[in-house]
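Protein chains in written order, with the UniProt record's numbering: chain A, 1 to 206; chain B, 1 to 206.
Keep in mind the hints are simulated off the structure, nothing from the lab. Heads up, some of the hints might be wrong.
To be verified - Heads up, simulated BS3-like pairs for lysine-lysine below, C-alpha to C-alpha not over 30 angstroms straight-line: (1) Lys5(A) to Lys155(B); (2) Lys197(A) to Lys110(B); (3) Lys159(A) to Lys5(B); (4) Lys197(A) to Lys159(B); (5) Lys5(A) to Lys5(B).
The residues making up each chain are set out below.
2 protein chains.
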Amino acid sequence: MTSEKGLLIVLSGPSGVGKGTVRKAIFDHPDTDFKYSISMTTRQMREGEVDGIDYFFKTREEFELLIDQDKFIEYAEYVGNYYGTPVEYVEQTMADGHDVFLEIEVEGAKQVREKFPDALFIFLAPPNLTQLEERLVNRGTDSPDIIRHRIDEAKRELKLMNLYDYVVVNDDVDAARQRVQCIVEASHMRRARVESKLRMLLEVNN
Amino acid sequence: MTSEKGLLIVLSGPSGVGKGTVRKAIFDHPDTDFKYSISMTTRQMREGEVDGIDYFFKTREEFELLIDQDKFIEYAEYVGNYYGTPVEYVEQTMADGHDVFLEIEVEGAKQVREKFPDALFIFLAPPNLTQLEERLVNRGTDSPDIIRHRIDEAKRELKLMNLYDYVVVNDDVDAARQRVQCIVEASHMRRARVESKLRMLLEVNN
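Work out the full structure: start from the sequences and follow the hints.
Here's what the structure looks like:
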């Protein structure tokens, strides 16, 4: 078990769909034994967020220096801010045999797909666009123009669904949390994964 | 949802691994909403078994007539008795949008793989594969002869495994039951299955 590489789990989906809330529910749950890769961002900290827990908050200058140094497995500029996943933590944690969980924007997920084709890609989908719109309105922090922009963007992002392995509809946070955990559990039982682990053991020790 | 075809779920594995016990646990559980396809056999009824519930019990003559009429999606002769899955129930139930569950021998599973490549194939593995893994990792608890014997057995079982999508270790009946249900739940969330339905919803509601 210790010699087996962990899974890379990517949760993504349109802005406003509730990725952060589902991610929090997952990591608050006692059954969760995978590691969360904290993203880096240049966006403003929102109320209740903590630096180094929700995100690593950086200035544009700091972020762009890290881009130049090739320190991200993915990054994207989204509504005027950078978001990225630092490479080092992800690779080290997987090599140690732990599953790593990324909650990232769809543009970033595309980049991860190219670099880690075997990762587990989960698309978090809104039950419908109306509900997405309600969530965006109720958040109360955005102007109608920004909301309109996010909806147009969400439609575009839904077209990206075809890069994903699974689609979890976020009609209820706890149900979505349980679905993601079930997908991860099932992925650990995929024959190719079980088989190669056993083969490896049988050959190493034989 | 109603117009969507059900999944075909195939649970198989080596003789004696506990397929029937896991199948019973699955169908005794309130969360199970798939249909069990009752197999047909020519073997003797065992104590506690009921005709039309555990199996349809038939004579060799009756069974062979059905073979001639091409009424099975799979059948095999095993330790002197026929076992088979009648085609009609399976196809009708899937067409009605229900998942159908087969618990069959490995030879039969091979035939189903050819006819239903999209079915969900789950290999129920004996716990000695896990125990073997533990022993190989920990070493020093068994004699070289016992380890050698277990390795040979594991290699034989690994060869049976390679037609399957998933491997569930039957170290505990209720845990195995829960793993099978999780695999089925995850399969319903596979992107290809969800995508078309969701796209339709988004267009209707916008």
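Hint check results:
1. This hinted pair checks out: lysine 5(A) and lysine 155(B) have alpha carbons roughly 22 angstroms apart, not beyond 30 angstroms.
2. Straight-line distance between C-alpha atoms of lysine 197(A) and lysine 110(B) comes to about 24 angstroms, which keeps the hinted pair within the 30 angstroms bound.
3. The suggested pairing of lysine 159(A) with lysine 5(B) holds, with an alpha-carbon distance near 24 angstroms, which does not exceed 30 angstroms.
4. Under the criterion of a C-alpha separation no larger than 30 angstroms, the hint pairing lysine 197(A) with lysine 159(B) is consistent with the structure, at around 14 angstroms.
5. Between lysine 5(A) and lysine 5(B) the CA atoms are separated by roughly 36 angstroms; this puts the pair beyond 30 angstroms, and the hint is violated.
Checked against the numbered hints given earlier, this structure breaks only hint 5.
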